[in-house]
Amino acid sequence: MKKLINKPEDVTTEALRGVAAAHSSLVVDVDNKIISRAGGARKGKVGLVSGGGSGHEPLHGGFVGYGMLDAACPGEVFTSPVPDQMLAATKLVDGGAGVLHIVKNYTGDVLNFQMAAELAADDDIEVTPVVVNDDVAVQDSLYTAGRRGTGATVFVEKIAGALAEQDKELKKVADVAREVNERSRSFGVALTACTTPGSGQPGFELPDDEIELGVGIHGEPGRERGKHRTAAKIVDFSLDAIHSDMPLSGDLAVLVNGMGGTPLIELYVVFNEVNRVVKGLGARITRSLVGNYITALDMTGVSITVVRLTPDLTKLWDAPVETPALRWGR
Amino acid sequence: MKKLINKPEDVTTEALRGVAAAHSSLVVDVDNKIISRAGGARKGKVGLVSGGGSGHEPLHGGFVGYGMLDAACPGEVFTSPVPDQMLAATKLVDGGAGVLHIVKNYTGDVLNFQMAAELAADDDIEVTPVVVNDDVAVQDSLYTAGRRGTGATVFVEKIAGALAEQDKELKKVADVAREVNERSRSFGVALTACTTPGSGQPGFELPDDEIELGVGIHGEPGRERGKHRTAAKIVDFSLDAIHSDMPLSGDLAVLVNGMGGTPLIELYVVFNEVNRVVKGLGARITRSLVGNYITALDMTGVSITVVRLTPDLTKLWDAPVETPALRWGR
Amino acid sequence: MEKVLQVDVTTVRDWVGRIATDLEANKDLLTQLDSAIGDADHGTNMVRGFTAVTAALHDATPGTPGELLVLVGSTLISKVGGASGPLYGTAFRRAGKALGAAPDISAEALGTALAAALEGVQGLGAAAEGDKTMVDALAPAVRAYQQAQAAGASIADAADAAARAAAVGAEATIPLQALKGRASYLGARSVGHQDPGATSTSIVLAALAASLVGSD
Amino acid sequence: MEKVLQVDVTTVRDWVGRIATDLEANKDLLTQLDSAIGDADHGTNMVRGFTAVTAALHDATPGTPGELLVLVGSTLISKVGGASGPLYGTAFRRAGKALGAAPDISAEALGTALAAALEGVQGLGAAAEGDKTMVDALAPAVRAYQQAQAAGASIADAADAAARAAAVGAEATIPLQALKGRASYLGARSVGHQDPGATSTSIVLAALAASLVGSD
Ligand SMILES: Nc1ncnc2c1ncn2[C@@H]1O[C@H](COP(=O)(O)OP(=O)(O)O)[C@@H](O)[C@H]1O
Ligand SMILES: Nc1ncnc2c1ncn2[C@@H]1O[C@H](COP(=O)(O)OP(=O)(O)O)[C@@H](O)[C@H]1O
Ligand SMILES: [Mg+2]
Ligand SMILES: [Mg+2]
Ligand SMILES: [Mg+2]
Ligand SMILES: [Mg+2]
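Taken in order, these protein sequences are the chains called X, V, Y and L.
The first sequence: position 282 = 282 (this note's numbering), numbered continuously.
Each number in this note's numbering corresponds to the 1-based position in the second sequence with 330 added.
Each number in this note's numbering corresponds to the 1-based position in the third sequence with 660 added.
Each number in this note's numbering corresponds to the 1-based position in the fourth sequence with 876 added.
Since the hints were made in silico from the structure, they are not lab data.
Any given hint could turn out to be false.
Reference listing, derived: stretches of chain X covered by chain Y, where coverage requires no fewer than 3 residues with Cβ under 8 Å from a Cβ of chain Y [what the hints assert, rightly or not]:
1) 72-82
2) 111-125
3) 207-221
Small disclaimer: the values here were computed from a predicted structure and weren't measured.
Positions of the beta carbon are idealized from the N, C-alpha and C atoms, including for glycine.
Model the full assembly from the supplied sequences, consistent with the hints where possible.
If you want it as structure tokens, here you go:
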């Protein structure tokens, strides 16, 4: 394992110091691991807090700023953060209008955010959690922990953040977050596994001619392993999984997301294929993101997220945002 | 080799189609391989054209847009584009005020841009080339092709682009481009080699405990090979090479650039170390970029670019920009 | 003549110390198990948690077993994260609360505490036995403890029975398909691997039995 | 009795066809050489160039050797890119221009054309012999050709001498340290590898010799 780090156990702390040094628009509480907007809470505005294991950068810290999150709580690498962090962040961003917790559906994130919400209630802060679960690779049934939260998180955070910026009440902000989640689906494919600094070993072994279909963002193996194939076939497979779960029609936002180790030129090749399939279905891509937005350390591979837009969602997507990883309109 | 592609020979074309589909702010001439701003040339504005081999994305196509480039010419992977492309781009962006060619110092880029400039002169278009050569890993002497152009290109394109947006004349735009180049230095380190789609093999073999110091962005081996070491020591080595060539003082812009396969969390660890060293030298980082801006396909590693700012350069850096990869102020 | 030891706060401190040592020794094993069907952090998570617990116990001197276990649980909740943090944290907190303010632990009280721990884990995580989680080690351990104790065994022997049952339960997760936690994403591919959380639970209970050797 | 062939546009077409075939056959070799001291694209670059040349010659029917070589050169400039595109492109263009509008190529004219090619490459790339570039194959080839021709050799024999000298020159780049092009970045580490451009030049001249076998 070769990584640009000092000691594995110091990675998250030192990266946070780097974030603090690089972004004057952010305040970083390194000890408590909270990234928040410089300037603090605005009275009357719903606060948005998200968080999850580290190793998915720019998620979540890169989405803190005007028009998106108020605070992010990064955990250890691939380990959900702890309730103390979330509680402290919740208090920090509360402007009296309540706080939205944006939680990716993983047992760890759900349980820790749940505990934090209980603690916040003790402090009379109204908290509404919204669970993101867009990954169609996982069967959503009684027999699983439910679908994982992946690429849709970016859209949920951006769009709910835009509505919160208009000082809409907590219920409305939570509703739009849930609406985005319900209209979003994702599917991921890994060409290679990722290596956490702590373990020093790839999460799984993938032969030179095989890929993982339906992979997660934590180095979890996917739902099936298959032969490597062309970008066209990978996209066909992925969009088939998405389309058969949520038929694609109308105006779509598409995220072609690199897993961390994938060259951007390949993501554009993939985007071209997604565009082909979407057109073939009679739908059209009206908003797009191509790049590394929710990663799995050094994994090579791609995840595709599709959101069925409405005019209102499009407007909220287009609203100004000013974060390290997503910025327009200011 | 596992890549998200169809056929190796189609990668650049298909990626261009992806760029076209993803960015409505750009016009892509897929046949001639030219990415330009939607809307075309503005009368009286100096046109900025850059280009180089593909595989360095987002460079250069990701920097086409308001406040930065007018057009980019991507070549084949790691192969400089051809004069025909550059000439066509030059004609396309000429608004009567002349065209700046931003050329990274590689024999291929220099020779092809030189030929294009000669052809443009035949068409009575005034062209001034500016050669970027910021990579201190290469000895700048009679005994080499001179220093390579790397991370400084981003700053040259942004700052010259901002001045061109003010309708300043070609000489002034070229002068500021040269000024930025002269005030910039870079140094790169690879943890692993990259694999071109065409060759299917890593450019060099790097044992599990070794790194390449002073590596280029084309999978060229670096100036020396050494044992793998901590991020702190890698940064010490890199900034030492930079500082002994251009003493660091005053206000600095710093780019901590991922080579394509490096997790963002590691780049922030590196940024933290750069900040430590810079502070130790009594200088300070006032502007920064952390992420993948000039890559070498799937290489893991980092390059560090430092620009000694002036108040004027800072102002131009802060001016609005609206491109796929760099955007603020609009 | 066998010396019968009292089970008090010193014994519980010893137990927690053994857990820390044994988890450290098994860190790589737990991470490897989690690598196969999870995200390769269970060893790191548990060691981070018990390192924090050791530090907390260095600074604080809880007066009773119950107080000590509540401190362990709260520390785990504050420091571990992941799925295992809230689950183990809740288990230790509930066990501690069940023990109340008593200075000693009777065999019966320990059985009640273990049952409370299990109830806490299931209340939070909603896993049933057979779902391939830590419950598959903890539930049979609680049953084995209570059976032994009902049959008149010493606290030491009942704990030993619990530890053995936990080890069997952990191993018995191998053929199961995971229905909870991260491993459930793998569906049928989770079969054939031992659950990391059940394994760490077995370690925790083995440490308990070791601390209680000779107690009545 | 040996049949003496005329060197005309058909011969030159044959030469260019052989170059295309031989480069295709040596594509991986050239890329491997470029991988060691460059950026692993020289094989791809040359094949892309001569594939375009073949297509151009399919569509066009240049009437003279000179016209044909100018077309080859222009096509390479338009299609190859990299360092080798402008350099080879200029070489072929200059050679073609040196041949003028003559329908046949004399031994002397070929010598002049080769010299013009070399001058074009050096004028553009500023490489001297010993800098570990294509010049290290082309320059001795031009010298060998001219010596042989001055000594009264046939065009075929002179071309053969040129091809041999180019091969020797290419191999002689191995111990050199590169002072031009991408390999120069490696400094002393460029020693011990054969230059890809010198190798492709040797292939181009071997193809010339093969096309001229039997010509006077
Ligand atoms: N719902 C649940 N109920 C009980 N135990 C669970 C549940 N989900 C996960 N676990 C346990 O947690 C273990 C994983 O812990 P850990 O790796 O530390 O957390 P994470 O899964 O968040 O990475 C699993 O092996 C399993 O025993
Ligand atoms: N200045 C120069 N003069 C002559 N030949 C050169 C020069 N620079 C590079 N070359 C030749 O070009 C070859 C590399 O060509 P190629 O790999 O196609 O281009 P690039 O170096 O741009 O990738 C080298 O092996 C060398 O022979
Ligand atoms: Mg985890
Ligand atoms: Mg090249
Ligand atoms: Mg885990
Ligand atoms: Mg090359």
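Each hint tested on the structure:
With 8 residues carrying a beta carbon less than 8 Å from a beta carbon of chain Y, the segment 72-82 of chain X meets the three-residue requirement, and the given coverage holds. Counting residues of the segment 111-125 of chain X whose CB falls under 8 Å from any CB of chain Y gives 4; the rule of at least 3 is met. Coverage of a stretch by a chain is defined here by at least three residues with a beta carbon nearer than 8 Å to that chain's beta carbons; for the segment 207-221 of chain X and chain Y the count is 5, and the condition holds.
Going through the hint list in order, the structure satisfies each hint without exception.
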